[in-house]
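Peer 1: Let chain A serve as the given structure and place chains B and C on it in line with the hints.
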Amino acid sequence: MTQSTSESVTKPKAGGHGTPPQAGHDEHADHGHGHGDGPHLAHHFDTYQQQFDAGKLGIWLFLLTEVLFFSGLFCAYTVYRAQHPEVFVYAHYFLNTNMGALNTCVLLISSLTAAWAVRNAQLAQKGLLIFNIVITIACAFTFMTVKYFEYAHKFHDGLLPGPNFHPTEQVWELDSFKQKHPEAAEFAEMLSKRAEARAKGTAAEKEAPLITQRPTEEQIEPLMKAGLIGPNSEEPMGISRPRNAHVFFSIYFFMTGLHGIHVIGGIIVWAWLLKRAVRGEFGPKYFGPIDYAALYWHLVDLVWIYLFPLLYLIH
Amino acid sequence: MANEETPKTEATSDLESGADPKAPAAVEAAKVAPEHDATAPNDKLEPTRQDEGPDSDPAPGADDDHGHGHGADDHDHGLAHTMPVWMLVAVLGALMVLTVLTVSVTRFDLGSEGNLVVAMVIATVKAGLVVTFFMHLYWDKKFHLVLFLTAVLFVILFLSMSLTDRGEYQTNIDWYQSVSTANTK
Amino acid sequence: MASPSTTADVVAPRSTSSDDNYLTHDKGVLSWIFTLDHKRIGVMYLFSVLAAFALGGFFALIVRTELLTPGRTIIDHDTYNKMFTLHGAIMVFLVIIPGIPAALGNIIMPLQLGAKDVAFPRLNLASYHLWIVGACFMLSSLVINAVDTGWTFYTPYSTTTSTAVVPAAFGAFILGFSSIFTGLNFIVTMHKLRPPGMHFFRMPLFCWALYSTALIQVLATPVIGITLLMMIVERTLHIGIFDPTLGGDPVLFQHFFWFYSHPAVYIMIVPAFGVIGDIIPVFSRKRIFGYKFIAISSLAIAFLGFLVWGHHMFVSGQSVLAGTIFSAITFLIAIPTAIKVFNWLTTMYKGVIHLDTPMLYALAFLWVFTIGGLTGIFLAVMSVDVHLHDTYFVVAHFHYVMMGGAITAFMGGLHYWWPKAFGRMYDEKLGRIAAGFVFTGLNVTFFPQFILGSRGMPRRYYNYLPEFQPLHQLSTLGAYTLAVGFLLTAYYLFRSLKHGRIAPANPWGATTLEWQCSSPPPYYNFHKPPAVTQGPYDGYENLVYDEKIGGYVPRKANPA
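Chains as they are written, first to last, in numbering that gives the first Met the number 0: chain A, 0 to 314; chain B, 0 to 184; chain C, 0 to 559.
Quick caveat, the hints were computed from the structure, so don't treat them as lab data.
Since no wrong hints were added, every one of them can be taken at face value.
Selected chain C positions facing chain B (Cβ under 10 Å, derived; list incomplete): (1) 217; (2) 254; (3) 255; (4) 258; (5) 309; (6) 319; (7) 324; (8) 325.
Remember, predicted model here, so these are calculated numbers, not experimental data.
Glycine is no exception: its CB is placed at the ideal position from the N, C-alpha and C atoms.
Bound conformation, chain A alone (with noise of 0.2 Å):
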């Protein structure tokens, strides 16, 4: 009796013995030095009770250090956009909302997909688990694949933070600006050949005046939100895009690049929590990695959540 109480049973099981931690998201798996009085009870806890309910709260703790984490990008937005709000309405003519939005569903269906989950696990029902958890990596693809072609778009044509932002169109070349402001755009698209003539063309051209009719509101008005003429513009004499244009691209690589790094990192785990569920490790007294983990993607989905509209949707 003193034996089986008193000592601690070492049964090494496969994994996770001495091998570091992931960092923060599982402290559950077999503690490889011994248990306590069941597989995947820690020698220094109780019960599964207690063992469950402190990583319940060492869970919310590291999301808590995310949240913190992600406020300070937060902050450089809501500051750069209250001094510069020009610079984010002429950007956002570059993003493009559908894949945004796709984007969004296909994460709030992996969040689905990672409660279930748990409940799957609480329940051991083991098929459905591996199932939604294969789901829930799915859509994590599906979103980084999404992101990739948003990216790769950037590049092609030259939206890059920085001193390498060289957009390849002007905005009112775009079809988003043409559909949402159609007068604004030919406007915008016979100043900027006047202005070329002017600079560049015969000695008439130059004498031409820039505007030969009072523009219409419509014509101008998205053109001074965008900044593209009046004091914020490049040249405020003509048009041409805001300055500091690439403030908006930085903050946007920055938050999506570091909002994708979690994603990529929430696959990792995920594909490790399939492995173990395979090995039909998770049940009603041991959950908790699953727990733990369906809370850290909701975490990275609630920051999607916020950054969608503030990205995609200015207007």
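Peer 2: Frame of chain A, contents of chains B and C only:
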């Protein structure tokens, strides 16, 4: 059973390792301890070895919404509440609807800040749904909610102080920029 | 059912260091590198932190030696910039922030809770490994092209200088995660692994302090993480967040930086408060006065610490309104801090004071920290700060609180818990002598700096007006005195590991739980947590000194 024998051996080994608790009052407690499980005074810690067997027989698919286990100091049976499937799907439905809503609202021009406010409100509703249901906070310990709200509070604090400050010297930055662009021309 | 064994068994725990304990339980380097035992992790942290302290101290000596004369003394100005930057970065990120929580807290806190380990032992090990990796990155910048921005990494210099800012910043980034994981671990441990009978208000004050610190670690450190990341990306990809030529805002960096770094100084000092709170009652043989007030004030300081970061930026161009708010809240922080100091003093009143080395450090702390804290109030006044910002006054202030506060308390805790951790007593006479050197050195080094600063000597300056020379020389003399004190301490502490008297379980007569297991503790700490029926500082009257073992034992029912 194992439980009754456990306290004896462990109490003794405690004493052997010099763990005499502090004072006469504590010596009383030590005398009492062998009768009860030393963890008894704290009902948050379950008596340790009597209930939790290994999870190797998980009774697959049994009792749809109930887990097994006697660790039931939680709201439901089992270690934690289990989400019903209909609730999960309903929440997803609501989230999808809100997503469609937030995209379609951009069609209307509500003023320079109006769209932003509407978008943030909808995003917060979505976030609230995810946190309450998917992340289970509704059924969780209240302390986790406190923690989460604290984090949000700090983010708001951080953002607002930085914002109020930024306005102060924006003119300096603008002047600097106009000077430097003038110089490069 | 067994009745408790005779008191003879109870009072004479086998605690010779030849017994099996956590130090001897597993052998080999790998058993240390991959250990999951919080005590071993704490010991590794301890020696790593002490090594970093020695390195940072060495750079400090170089700085102080250079300042013996205006103009060049031993190094040129660029090297000087690198020296003070590295001194600061190493001390802040590698020594003081991890210091008490990771080294002392890891070894002692679970023992104080009667627990078998922290909540997440592997996360604990990860914290330590991350410290090592972060240290390597930070020190690599030393080798490549030592960073010279000052430990605060202000933009735009940090984003444009040619020195190796990225490795240093990335090192600090990784160290941030080490800190976060430690904090997370401690919070969950204290919530979930307390023994029966120990509700929150029966925890030792050291635990309360670690809890408050952990809250700060978890909430504030991610912000420095993202800030450093943003600075690195700015440097490498020129994204234009902090660079004014690219539309960025350099003061935004300061907001981000200080949002963490102010709470960080509370990460440094609050654990020190906890150590002092544990030492003073023991060496006054008297219950702590105002336990609840001290406990809650730790939380109050943690909370208020988040609201005052702008007091580092009074002259940065931030709005006067913001400055006023920050100034007012900074005054408020003095209140919970003062509550602690007064409660400690009241604890000592009518107590029986034992002037052992830990108590000497605690008393030194009270004096030195009070000076440091009060001078913080001077700086909190905006109008005064305009004159004193970036002068030696600030340098003196933060060294008084960090060196005089955190390090002194660290030394006190080190001496207090050394017998428990290593099973050996150090030479008490040498301990007192070294404490004298440290206390003297502290004051001689840093008090003249208050005067220098108020007379206008700027900080981080290589060159200075000749009128400042006498005070600089006095300060350098103090620095060398400090060095002697620390070297002496290192000598007798290391010597004690082999030659010290074997320590009993309870050499100081303390009543917290860690003294109820042997010195050193067994690898499993306690088979079952001891039952807790009274507060952590109750029951001194029930302990008597036993000459035979050189420590305290419970008073026997029948005097023998």
